[in-house]
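Same order as they appear, the protein sequences are chains A and B. For the first sequence, the residue numbers in the numbering used here are 1 to 279. For the second sequence, the residue numbers in the numbering used here are 1 to 159.
What the hints contain is simulated information worked out from the structure, not anything from laboratory work. There may be inaccurate statements among the hints.
[Claimed, not checked] Straight line, CA to CA, 27 Å or less: simulated DSSO-like cross-link-like pairs of lysine-lysine: (1) B:LYS81 / A:LYS2; (2) B:LYS53 / B:LYS81; (3) A:LYS42 / B:LYS81; (4) A:LYS238 / A:LYS2; (5) A:LYS43 / A:LYS202; (6) A:LYS43 / B:LYS81; (7) B:LYS53 / B:LYS19; (8) A:LYS42 / A:LYS152; (9) A:LYS204 / A:LYS43; (10) B:LYS53 / B:LYS69; (11) B:LYS69 / A:LYS2; (12) B:LYS81 / B:LYS19.
[To be verified] Short, incomplete list of chain B residues facing chain A, as computed with Cβ under 8 Å: (13) ASN7; (14) ALA8; (15) THR10; (16) THR12; (17) PHE13; (18) SER14; (19) PRO17; (20) GLU40; (21) GLY41; (22) CYS58; (23) LEU90.
The beta-carbon is built from N, C-alpha and C at its ideal position, and this holds for glycine as well.
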Amino acid sequence: MKVLTPRDERDALRLYRRNPDAFPLAGGTDLMVLWNAGLLNKKTILDLSGLRDWSRIRETPKGVWIGALATHAEIRTHPAIRERFPLLVDSCRTVGGRQIQNRGTLGGNIANASPAGDTFPALAVYAALVHTVSDNDRRVMPIDEIFAGVKKTHLKAGELIEGVELQTPPNPPSRWRFRKVGTRAAQAISKTVFAGQLWLGKDKVVDDVKLALGSVAPTVKRLRHVETHLTGRALDGKTIESALRLLPGDIHPIDDIRSTREYRLQVSRNLIRSFLMGR
Amino acid sequence: MIRFTVNAKTRTFSGPPFKRLIDVLREDFGLTGTKEGCSEGECGACSVLIDGKPVNSCLIPVCQINGAKIETVESLGVPEKLHPLQDSFLREGGTQCGICTPGMLMSAVAYLRAGGDASPEAIREQLAGNLCRCTGYQQIVDSVARALGTKPKTGSKAK
Ligand SMILES: Cc1cc2nc3c(=O)[nH]c(=O)nc-3n(C[C@H](O)[C@H](O)[C@H](O)COP(=O)(O)OP(=O)(O)OC[C@H]3O[C@@H](n4cnc5c(N)ncnc54)[C@H](O)[C@@H]3O)c2cc1C
Ligand code: FES
Ligand code: FES
Numbered sequence: 001m002k003v004l005t006p007r008d009e010r011d012a013l014r015l016y017r018r019n020p021d022a023f024p025l026a027g028g029t030d031l032m033v034l035w036n037a038g039l040l041n042k043k044t045i046l047d048l049s050g051l052r053d054w055s056r057i058r059e060t061p062k063g064v065w066i067g068a069l070a071t072h073a074e075i076r077t078h079p080a081i082r083e084r085f086p087l088l089v090d091s092c093r094t095v096g097g098r099q100i101q102n103r104g105t106l107g108g109n110i111a112n113a114s115p116a117g118d119t120f121p122a123l124a125v126y127a128a129l130v131h132t133v134s135d136n137d138r139r140v141m142p143i144d145e146i147f148a149g150v151k152k153t154h155l156k157a158g159e160l161i162e163g164v165e166l167q168t169p170p171n172p173p174s175r176w177r178f179r180k181v182g183t184r185a186a187q188a189i190s191k192t193v194f195a196g197q198l199w200l201g202k203d204k205v206v207d208d209v210k211l212a213l214g215s216v217a218p219t220v221k222r223l224r225h226v227e228t229h230l231t232g233r234a235l236d237g238k239t240i241e242s243a244l245r246l247l248p249g250d251i252h253p254i255d256d257i258r259s260t261r262e263y264r265l266q267v268s269r270n271l272i273r274s275f276l277m278g279r
Numbered sequence: 001m002i003r004f005t006v007n008a009k010t011r012t013f014s015g016p017p018f019k020r021l022i023d024v025l026r027e028d029f030g031l032t033g034t035k036e037g038c039s040e041g042e043c044g045a046c047s048v049l050i051d052g053k054p055v056n057s058c059l060i061p062v063c064q065i066n067g068a069k070i071e072t073v074e075s076l077g078v079p080e081k082l083h084p085l086q087d088s089f090l091r092e093g094g095t096q097c098g099i100c101t102p103g104m105l106m107s108a109v110a111y112l113r114a115g116g117d118a119s120p121e122a123i124r125e126q127l128a129g130n131l132c133r134c135t136g137y138q139q140i141v142d143s144v145a146r147a148l149g150t151k152p153k154t155g156s157k158a159k
C-alpha cells in the first residue's frame with residue numbers, strides 16, 4: 001500500500017499521470033469498504049483530501065458550483081442549494097446515515113457510478129454538468145453521459161472529477177419531487193429513485209417537464225420519451241397513461257437479487273403517475 | 001508523522017498511513033470504548049466525532065485526520081459523573097448489550113450540541129446510521145428526547 005498525498009491540484013494531476021493505476025480517495029465511504037475487505041492490498045492510493053479548493057460550494061452568475069470534494073452534508077445544508085436545487089438536498093439527505101453524509105462526497109458518488117447512486121436522478125433533471133480535469137485536458141460532460149455502465153464511467157486514466165455545475169432554471173417549477181424507494185428509509189440501497197420537475201402553464205398545459213429514474217437501469221435515465229409526450233399537452237389522466245406506456249422505451253430495468261424487472265417497472269410507473277397527478 | 005487531538009489531548013502517529021482510525025484508537029491509544037460491528041460503514045458502532053461531526057471510524061484511514069479534533073465516548077462522562085445523555089440512556093433503557101451504545105451516544109451528542117429537535121422523526125433521522133439489534137430503537141429515541149429536555153410519551157420503564 002502506497003499513499004500519495006498531493007497538496008494541490010497541479011500536484012495531484014501530475015502524480016495521477018505518473019501513477020495511472022492509483023485509486024483516488026475522497027471521503028472513502030466506498031473505497032474503505034474495499035480496503036477493509038482486503039481488495040486494495042498493495043495498491044496505490046491518491047489521497048485528494050489535501051485539495052482544499054475542491055470542497056468549495058459557491059454561487060456563480062448562472063447557478064451553483066459544487067466542488068467534487070463537497071460532502072453530502074455540506075450540500076444538504078448549503079443555503080443557495082436549499083433555495084434553488086431542493087431535489088439535490090432531498091437526495092443527499094437519503095445517502096446513508098449522517099456518518100456517511102459527513103464523509104461521502106459528490107465527486108465520489110459520481111465516480112463510483114453505482115446504478116443506485118441517489119444523487120444522479122436529481123442531478124439529471126437539473127442537467128448538471130460534470131467538469132473533469134487531467135494533466136493536459138479539461139472536459140465537461142452532462143451527468144447522464146458520464147456513466148458507461150454499472151460502476152463504470154467515461155473518465156480516462158489520470159482524469160479526476162473537479163466539480164459539478166448546476167444552472168438555475170429561468171422559472172421555478174410548479175412542482176418538484178424526489179422519492180427513494182428502498183427497504184428502509186435511510187441507509188439502504190435504493191430499489192428505485194425518482195426525481196421530477198414540472199412546469200404547468202394555462203389550462204394545465206405542460207410547459208416543460210424533466211423526469212429521471214435511478215436504480216432501474218445500469219445508469220441513470222432521463223425519461224425523454226415520456227417527457228416529449230407530455231410537453232404541450234394538457235395534463236389529464238389520459239395523457240399521463242399514454243405517456244407511461246412509453247416508459248419501457250426510456251428505461252431497461254433489470255432482474256436481480258433485490259427486485260424483478262416487472263416490480264421495478266411498476267414502481268416506476270407509480271412514482272411518475274403520483275408525481276404528475278400531484279398526489 | 002500525523003498529528004491530531006483525541007479528547008483534547010495531542011497525539012501523534014507514525015505507523016502505516018492506511019491504518020484505520022478505529023484501530024489506532026483501540027490498539028495504539030487503548031481507547032476501547034469505540035466498538036467495531038461491521039467494518040462496512042453500515043452499523044455506526046464505531047462512530048466518533050471528527051471536528052464535531054459523527055463519522056464511522058472504520059472507514060477513515062489515519063492519514064486523513066492530520067490536524068483534526070477527534071472525540072470518542074471516553075470524553076463523555078465517568079461513572080461518578082455521567083454525561084446527561086448517558087444518564088438518560090440508563091433511565092430509559094436505551095442500552096441493553098451495549099455494543100451500539102458508544103456510537104449511539106456520539107451521534108446523539110452531536111445532535112444535542114446542534115440544538116436538535118426532540119421530535120421522534122428528527123431523532124430517528126439523526127440516528128439512522130446507528131443500528132441496534134437489542135432495544136428496538138424506541139428506548140433509544142426516548143433517551144435522546146429525555147436528554148433534550150422533553151419527557152418521552154412512551155417511556156420504556158412503564159412497559
Ligand atoms: C453504509 C453505506 C451507505 C451508503 N448509502 C448510500 C446511499 O444511500 N446512496 C448512495 O448514493 N450512496 C451510498 N453509499 C455509497 C457512498 O457513500 C457514496 O457513493 C459516496 O458519495 C462516495 O463518496 P466518497 O467521497 O466517500 O468516495 P470514495 O470512497 O472516496 O471514492 C469512491 C470512488 O470514486 C473515486 N473518486 C473519488 N473522488 C473522485 C474524483 N474527484 N475524481 C475521480 N474519481 C474519484 C474513487 O477512486 C473511488 O473509486 C453508501 C456507502 C456506505 C458505506
Ligand atoms: S464498524 Fe464501522 S460502521 Fe460498523
Ligand atoms: S444494545 Fe445491543 S445492539 Fe444496541
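Any of the earlier hints contradicted here, and which numbers? 1, 3, 4, 5, 6, 9, 12, 13, 14, 15, 16, 17, 18 and 23
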